[in-house]
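**Student:** Those protein sequences? They're chains X and W, same order as listed. Take 1119 as the starting number for the first sequence in this note's numbering and just add one per residue. Take 180 as the starting number for the second sequence in this note's numbering and just add one per residue.
It cannot be assumed that every hint is accurate.
Claimed, not checked - Derived DEER-like restraints, expressed as beta-carbon distance ranges: (1) X:Ser1181 <-> W:Gly603: 54 to 62 Å; (2) W:Ser356 <-> X:Glu1268: 52 to 60 Å; (3) X:Glu1249 <-> W:Glu260: 53 to 61 Å; (4) W:His604 <-> X:Lys1316: 46 to 54 Å; (5) W:Phe647 <-> X:Asp1338: 46 to 54 Å.
To be verified - Which stretches of chain X does chain W cover? Using the computed rule of at least three CB atoms under 8 Å from a CB of chain W, they are: (6) 1174-1181; (7) 1201-1211; (8) 1356-1364.
Stated by the list, open to error - Listed below are the simulated DSSO-like cross-link pairs for lysine-lysine, each with C-alpha atoms no more than 30 Å apart in a straight line: (9) W:Lys643 <-> X:Lys1224; (10) W:Lys610 <-> X:Lys1240; (11) X:Lys1193 <-> W:Lys610; (12) X:Lys1275 <-> X:Lys1232; (13) W:Lys234 <-> X:Lys1275; (14) X:Lys1246 <-> W:Lys643; (15) W:Lys537 <-> X:Lys1275.
No lab work stands behind these hints: they were computed from the structure. Each residue gets a CB set at the ideal place from its N, CA and C atoms; glycine is no exception.
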Amino acid sequence: MSNFEKLIEIKNLHVSVAETEILKGINLSIGEGEVHAIMGPNGSGKSTLANVIAGRPGYSVTSGDIVYKGDSILKVAPEIRARAGIFLAFQYPVELPGVRTWQFLKAAIDAIRKGNGQEELKIRDFDKLLEEKRQLMEMDPDLVRRSVNEGFSGGEKKRNEILQLALLDPSLALLDETDSGLDIDALRIVSHGVNIFKSPEKSILIVTHYQRILDYITPDYVHVLVDGKIVRSGDSSLAMELEEKGYDWVKDGAGEEVHP
Amino acid sequence: MADQKVISRQTGVEDTQYKWGFEFDIESEVAPKGLNEGTVRFISAKKKEPDWLLKWRLKAFEHWVDQGDDASPKWAKLNFEDIDFQDIIYYAAPKSSDDAPKSLDDVDPEILEAFDKLGIPLHEQEKLSGVAIDAVLDSVSVATTYQDMLKEAGVIFCPISEAVQKYPDLVQKYLGSVVPYSDNFYATLNSAVFSDGSFCYVPPGVRCPIELMTYFRINEADSGQFERTLIIADEGSYVSYLEGCTAPMRKSHQLHAAVVELVALKDAEIKYSTLQNWYPGDKNGEGGVYNFVTKRGAARGENSKISWTQVETGSAITWKYPSVILQGDNSVGEFYSVALVNNYQQADTGTKMIHIGKNTKSTIIAKGISAGKAQSTYRGQVSILPGADNARNFTQCDSLLIGDECGAHTVPYIEVRNPTAKMGHEATTSKVNDDQLFYLQQRGIDLEESNYMIINGFCRGIFKELPFEFAMEASQLLRVSLEGTVG
Ligand SMILES: Nc1ncnc2c1ncn2[C@@H]1O[C@H](COP(=O)(O)OP(=O)(O)O)[C@@H](O)[C@H]1O
Ligand SMILES: [Mg+2]
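Isolated chain X, as found in the complex (with noise of 0.2 Å):
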């Protein structure tokens, strides 16, 4: 049993860009194997939420705090948090030209083992264990030769995203509009490697305007954030009701916290 009682807790979280207010003060606990799900329009803040967990600069946190593993990592360094298991599958998934996608996929896999103490993986075993997510995610085998998300197609770079999750196992997964710019059988695909992900000891944090992912990976709990406050919490239910009554609905609601 882990010594902590949720994998991460995000305590009255404050978050500023620029002297913009853009998180107001979030509350939100994720046990393990836990799937939960953050819905809201455009501009509400999930990314910046995403975002501000795995790290990224930028971002200033002016209260509040996010413990995990039962430790505050406000202070801690990007790449540090990655090694403690804290994975984002990026909405804009970044080009490298010039670095290979197999040459960087190898080099996270050996910078996230030394961080747990142990050894750089063997190149053949990394090579059967990259062929085995590659079909997983039903990916060209050439795309692992190419630079980095270098004229990927979108779906592509959302692939190669949950390429990266199904190799690296994290222990919590961020994923951030996974599902925009997917047709439907890329959906599948990535829905796919997220349910082969999923389990007793992993965490889920889906963020997602839509909720056609949901009907793919079923959330424990649905959030609903409107103007970087969560205005409503629920279990799928939540997010059918969304889809039906649009986000108005819960937007007139707003300010009537419910906690699961």
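Given the coordinates of chain X, work out where chain W with the ligands should sit on it, guided by the hints.
**Tutor:** Chain W with the ligands in isolation, oriented as in the chain X frame:
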């Protein structure tokens, strides 16, 4: 949280980070400081040179004196104090070289050990298998490996001083035929005082079976290094040649004014690769090598090809424009370059492609990386002369900036005197971007390694032009030179 990701402006390579910065303890035979006719005669006598060569040196010296110090090139975008040419030692040889070594076994063990420390194991050839090395310490070649294999193929690869003795006709025919002694201030100086360097001749139809490498090192304090390299690829031959350079740390500046001449005859190809890692000076800009080099190749025959690849990370100042004169019809010239400057380093480098023959083709890909307060300039000239029907050139210049206090400049000169020419030019300037760094860090890779991976990626197109072992070393050099550029 915010500012730890900003690429620092004040940091740079510490002295301790220049890993090649130890001095050899080898007593050297040194010419008195300063330059006059006597110095030229001294060098020539030391080398037991034939009269024609002494006369050529003296003509060069006379020309150098006549034109005066003011003739030193002023157009490069460089900033430095005038050089006192009388305060330089023009000849310094390790003592043991007086009876030049016949084979590796005769080489002073101390010298072998010194090269070993530099990562150039002259003895343990399995480490650099397939590479014949000519090691030049200060002004004198100390060891050439793999002689037997080369002899079998008919390839001549030896110190130029030895070639002057053994193959005087070849040397006399080609020396100064690409870079005449009157070419430019530093080439003239070099012609007067050059001490050693490598000579290579590949006979007709021979594909040189191994890579040839010359390893240069300046060791003596206050000494200049003026090596002269001459490579001739006869009809239908091929040779790949590599040069590597280091120097110990010095408070004062050291002058390196080399001349390299390449001649490719009909259907011949020369591939010339450089890893230049002369001491760049400390982080305040004190010391470092002035690297003022003239490199030029004549693609003289039909279908000949000359390809320059350079990775320049060292030197306080680099001033060099490896060029190709495309004389033969269908000849090809290529220039692939990475120039990295940090702290107060300055680089003004590029190429010249002079199209003379018909259907000649040149490709230029230059990558400049600037960090600290360093300045890097790409300066390139492409000339299409009237007879060069259907000439083609493609030029791509990419600059990458690290921090806000460095600079990158691109100065292309294009002269087209034949309407059938096809020219292409692309230039980009970018910064290592915070989103890229964060992406890598989010995957567990630390900031310094992330920065290195991005910059290494930026250089990948150039590194792949290098022979494999050299490409690994180039990556390694890049890593060391980048240490401390993020923080
Ligand atoms: N780096 C930034 N600089 C300025 N404004 C930002 C930045 N990041 C986010 N914002 C602003 O914060 C708000 C929330 O953005 P975001 O978290 O991306 O929302 P969502 O992901 O829910 O669409 C938006 O108004 C957006 O313009
Ligand atoms: Mg978003």
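**Student:** All hints are to be evaluated individually against the structure, with a verdict given for each.
**Tutor:** Okay, the hints, checked on the actual structure:
no.	hint	result
1	X:Ser1181 <-> W:Gly603: 54 to 62 Å	56 Å, holds
2	W:Ser356 <-> X:Glu1268: 52 to 60 Å	45 Å, violated
3	X:Glu1249 <-> W:Glu260: 53 to 61 Å	59 Å, holds
4	W:His604 <-> X:Lys1316: 46 to 54 Å	52 Å, holds
5	W:Phe647 <-> X:Asp1338: 46 to 54 Å	52 Å, holds
6	1174-1181	holds (count 6)
7	1201-1211	holds (count 5)
8	1356-1364	violated (count 0)
9	W:Lys643 <-> X:Lys1224	20 Å, holds
10	W:Lys610 <-> X:Lys1240	34 Å, violated
11	X:Lys1193 <-> W:Lys610	26 Å, holds
12	X:Lys1275 <-> X:Lys1232	26 Å, holds
13	W:Lys234 <-> X:Lys1275	68 Å, violated
14	X:Lys1246 <-> W:Lys643	26 Å, holds
15	W:Lys537 <-> X:Lys1275	46 Å, violated
Against the hints set out earlier in the document, violations occur for numbers 2, 8, 10, 13, 15.
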